[in-house]
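2 protein chains.
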Amino acid sequence: MRAEIITIGDELLIGQVVDTNSAWMAQRLNEAGIELYQITSVHDDREHILKALDEAFSRADIVLTTGGLGPTKDDITKHVMCEYFGTTLVEDSRVREHIHELYKERPDVLNRLTATQWLVPESATILPNRVGSAPIMVFENEVRGERLEVRGEGQNSKFLFAMPGVPYEMKIAMTEQVMPYIRLKVKGERLEVSGEIIHRTMMLYGIAESTLAIRIEEWENALPQSMHLAYLPKDGIIRLRLSSYGEASNEEIEQQLANLKPLIADYLIATEDLPLETILGNQLKARHQTIATAESCTGGRLAAALNAQSGASAYYMGSVVAYDNTIKEQVLGVKHDTLEKYGAVSEQTVREMAEGVRALMNTDYAIATSGIAGPTGGTPDKPVGTVWIAWATPDGTTAECYQFGVAREREQITQRAVTAALVELIKSLNTKQ
Amino acid sequence: MRAEIITIGDELLIGQVVDTNSAWMAQRLNEAGIELYQITSVHDDREHILKALDEAFSRADIVLTTGGLGPTKDDITKHVMCEYFGTTLVEDSRVREHIHELYKERPDVLNRLTATQWLVPESATILPNRVGSAPIMVFENEVRGERLEVRGEGQNSKFLFAMPGVPYEMKIAMTEQVMPYIRLKVKGERLEVSGEIIHRTMMLYGIAESTLAIRIEEWENALPQSMHLAYLPKDGIIRLRLSSYGEASNEEIEQQLANLKPLIADYLIATEDLPLETILGNQLKARHQTIATAESCTGGRLAAALNAQSGASAYYMGSVVAYDNTIKEQVLGVKHDTLEKYGAVSEQTVREMAEGVRALMNTDYAIATSGIAGPTGGTPDKPVGTVWIAWATPDGTTAECYQFGVAREREQITQRAVTAALVELIKSLNTKQ
Numbered sequence: 062m063r064a065e066i067i068t069i070g071d072e073l074l075i076g077q078v079v080d081t082n083s084a085w086m087a088q089r090l091n092e093a094g095i096e097l098y099q100i101t102s103v104h105d106d107r108e109h110i111l112k113a114l115d116e117a118f119s120r121a122d123i124v125l126t127t128g129g130l131g132p133t134k135d136d137i138t139k140h141v142m143c144e145y146f147g148t149t150l151v152e153d154s155r156v157r158e159h160i161h162e163l164y165k166e167r168p169d170v171l172n173r174l175t176a177t178q179w180l181v182p183e184s185a186t187i188l189p190n191r192v193g194s195a196p197i198m199v200f201e202n203e204v205r206g207e208r209l210e211v212r213g214e215g216q217n218s219k220f221l222f223a224m225p226g227v228p229y230e231m232k233i234a235m236t237e238q239v240m241p242y243i244r245l246k247v248k249g250e251r252l253e254v255s256g257e258i259i260h261r262t263m264m265l266y267g268i269a270e271s272t273l274a275i276r277i278e279e280w281e282n283a284l285p286q287s288m289h290l291a292y293l294p295k296d297g298i299i300r301l302r303l304s305s306y307g308e309a310s311n312e313e314i315e316q317q318l319a320n321l322k323p324l325i326a327d328y329l330i331a332t333e334d335l336p337l338e339t340i341l342g343n344q345l346k347a348r349h350q351t352i353a354t355a356e357s358c359t360g361g362r363l364a365a366a367l368n369a370q371s372g373a374s375a376y377y378m379g380s381v382v383a384y385d386n387t388i389k390e391q392v393l394g395v396k397h398d399t400l401e402k403y404g405a406v407s408e409q410t411v412r413e414m415a416e417g418v419r420a421l422m423n424t425d426y427a428i429a430t431s432g433i434a435g436p437t438g439g440t441p442d443k444p445v446g447t448v449w450i451a452w453a454t455p456d457g458t459t460a461e462c463y464q465f466g467v468a469r470e471r472e473q474i475t476q477r478a479v480t481a482a483l484v485e486l487i488k489s490l491n492t493k494q
Numbered sequence: 062m063r064a065e066i067i068t069i070g071d072e073l074l075i076g077q078v079v080d081t082n083s084a085w086m087a088q089r090l091n092e093a094g095i096e097l098y099q100i101t102s103v104h105d106d107r108e109h110i111l112k113a114l115d116e117a118f119s120r121a122d123i124v125l126t127t128g129g130l131g132p133t134k135d136d137i138t139k140h141v142m143c144e145y146f147g148t149t150l151v152e153d154s155r156v157r158e159h160i161h162e163l164y165k166e167r168p169d170v171l172n173r174l175t176a177t178q179w180l181v182p183e184s185a186t187i188l189p190n191r192v193g194s195a196p197i198m199v200f201e202n203e204v205r206g207e208r209l210e211v212r213g214e215g216q217n218s219k220f221l222f223a224m225p226g227v228p229y230e231m232k233i234a235m236t237e238q239v240m241p242y243i244r245l246k247v248k249g250e251r252l253e254v255s256g257e258i259i260h261r262t263m264m265l266y267g268i269a270e271s272t273l274a275i276r277i278e279e280w281e282n283a284l285p286q287s288m289h290l291a292y293l294p295k296d297g298i299i300r301l302r303l304s305s306y307g308e309a310s311n312e313e314i315e316q317q318l319a320n321l322k323p324l325i326a327d328y329l330i331a332t333e334d335l336p337l338e339t340i341l342g343n344q345l346k347a348r349h350q351t352i353a354t355a356e357s358c359t360g361g362r363l364a365a366a367l368n369a370q371s372g373a374s375a376y377y378m379g380s381v382v383a384y385d386n387t388i389k390e391q392v393l394g395v396k397h398d399t400l401e402k403y404g405a406v407s408e409q410t411v412r413e414m415a416e417g418v419r420a421l422m423n424t425d426y427a428i429a430t431s432g433i434a435g436p437t438g439g440t441p442d443k444p445v446g447t448v449w450i451a452w453a454t455p456d457g458t459t460a461e462c463y464q465f466g467v468a469r470e471r472e473q474i475t476q477r478a479v480t481a482a483l484v485e486l487i488k489s490l491n492t493k494q
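Order-wise, the sequence lines are chains U and P. Add 61 to a position in the first sequence, counting from 1, and you land on the number used in this note's numbering. Add 61 to a position in the second sequence, counting from 1, and you land on the number used in this note's numbering.
Don't read these hints as lab results, they were simulated from the structure. Please note that the accuracy of each hint is not assured.
Remember, identical chains collapse to one label, so a pair may be satisfied in a single copy or spanning two.
Claimed, not checked - Here are the simulated lysine-lysine pairs, DSSO-like style, with alpha carbons at most 30 Å apart: (1) K165 x K488; (2) K112 x K219; (3) K232 x K295; (4) K165 x K112.
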């Protein structure tokens, strides 16, 4: 079963907003065994939306739209849907009551623009939006367009789900309403439910994409037709993804992966596509050990990664972001002489930072970073992209110098430093298992 | 002049990767006065790419693609382009030399897969990729498809630019090669260059979207046809954007904004669409003042925001992420009694955290956060989403309790806390000007 996503909003097409919704929705659809065929971003423009709907329905059974459901003039999605599905707006008393409840402590919001939110397309099924005023609309069957015919009830229906574009409203709408509806009403009706979509990802670090491809070439060439391999390099990590769209069994996939693993063992960080902080967090939790960070160039990003998952307080104690050198001395206890003699971006400083925060916060592990994130501040000896990282552990402290390249941007350099800092500790804990 | 973007890659459609490229590219196109009409994400699939190219060229003069240019089997973009434009691959000696230079210190990468990267489509113009092995390809005129004809040189040419999908490679390719090419060769050829696309954004905080719309309704209704207003709510901020696609002058837009400002003055944070950290950073730099943070629930995100821009060391000194209560006591000097009596998420604790870090780092301002980011850890008194924020300033300390809602996710709650923490300080510094 195929789906498409249409994201609606001028803000996407002038680059004011990054579309984070589609990737999240894609994951939910894949989990339900539904292939996402295409994502299309269109303007808040009647003709453009109508055209995109026609094209999407020509290829897919399910179309999901986000955006354009607000109460202000620039939001036209609801009106265009009425035109597309040949229906008109009517008042929905349940939506009205819900909105009154939602804003009971903010009477100024219960104004005449908000009142337009309880007008809904007559032929649509309305699903509740627990956290917002824009109702979620489901249209079935009555689709317009040359390549579409109104079909009888049952297995050949087509469905449109219109959701708000605000990410947290969309996520709740998808999780609580749209996906259950799809599983029950849409997939339930089909005689032939397609098989499971399986994606399995290996995470590797420290090998070039082409070198990896040559190393596993024989294995890759012997893969059955039903499986597809993809290489996804990012921030120094390669994600190697083996996919099957409903044709191979879980066991067949596992067998292929078992054959692959010995070929890539030296570079393997994880056998699932998980954030690095989750992998490290799980390692630390299993060992009942703790961690702290002392950061200069990463500026709190390593801290933020380490406490990103719920339950992080079991292993993450805290961090000192020592951006200014006085903080490195006074809070972390880096020696004045060390900073004078070697500078802030040096092996000596970063070792003292790591050991300093490990002692200060009384943890098992500590990571410290100091580098030149740029775009200014580079010198011939220490060009932009130079980053020292130290790991203080119960077995002693190690440090390494990285060169993340003058061509990269500030954000990219700090991201690479966070990745390297986490990966090296993950690898060292892996070998201790 | 219209452009479209086609992003190519299965990873986008299974939700493994968020497409951040398109928004960034959209901004660059808009700056050059080129309207981005549609963004389409398609699979690494021959038929799908060919169809998307046909459709995009039926609507636009310029098509930009990203992705699928790597050396591994799953990357097919270059071959599909050859088919679409009716050309074949030939060796390019300049690309070969560049790749040898690029990998001169990594001979293992100069393998036979990498060698396929210097095979390029014969009819394409090759632009250099300074930081990667995939050449940037430009195709002009010779386009396939029913609705497209091969046209003579000059003002009616159509152009395709194929770029790598790795964001930092794409950004360098766009900045250094593609945009200059478009400005010179594409726009330069046209007899009629369309007018400037102007977007002006006001940032507001503390007002509901519908309330704002009613407040400025009279002004909005009187806007000329050539201008378009959009409301973009996110993380508690509303961005109010006035756009003109080449029809209104800068002066006309400025006049409209001058009329708007008195209506929204109470809620206005900034008259440009800038990250909050940039607004605050500029305020602090202008005053030669400094800031530090003490963070519990925001876990380093406030620190990361404050040092995100280059030159942050002029005003940002450092932070303590005091995730564990012992760190709040031992590093920040929060009294044991305070934590015992009021708990970590309380006005008393957050005030002591702010004052503690301000003294420790000897800064003018300090912000502290403590809250329950969830999904676990909530109590009936302090449900998930409760966040206390304190601002220690030369004029004393203030604190406020926020409720960012049980419905929201951990990431959303911490993001709202960062926003509130920055906005309140920005507003207070605005009034002191």
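Structure-based check of each hint:
Taking CA atoms no more than 30 Å apart as the test, K165 paired with K488 passes between copies only; the shortest distance there is 28 Å, against 53 Å inside one copy. Taking identical chains as interchangeable, the C-alpha atoms of K112 and K219 lie at most 30 Å apart whether they share a chain (17 Å) or sit on different chains (22 Å). When the C-alpha separation of K232 and K295 is checked against a cutoff of 30 Å, the pair qualifies both within a copy, at 26 Å, and between copies, at 14 Å. In this homomeric assembly, K165 and K112 never come within 30 Å of each other (Cα to Cα): the closest approach is 39 Å inside a single copy and 50 Å across copies.
Against the hints set out earlier in the document, a violation occurs for number 4 only.
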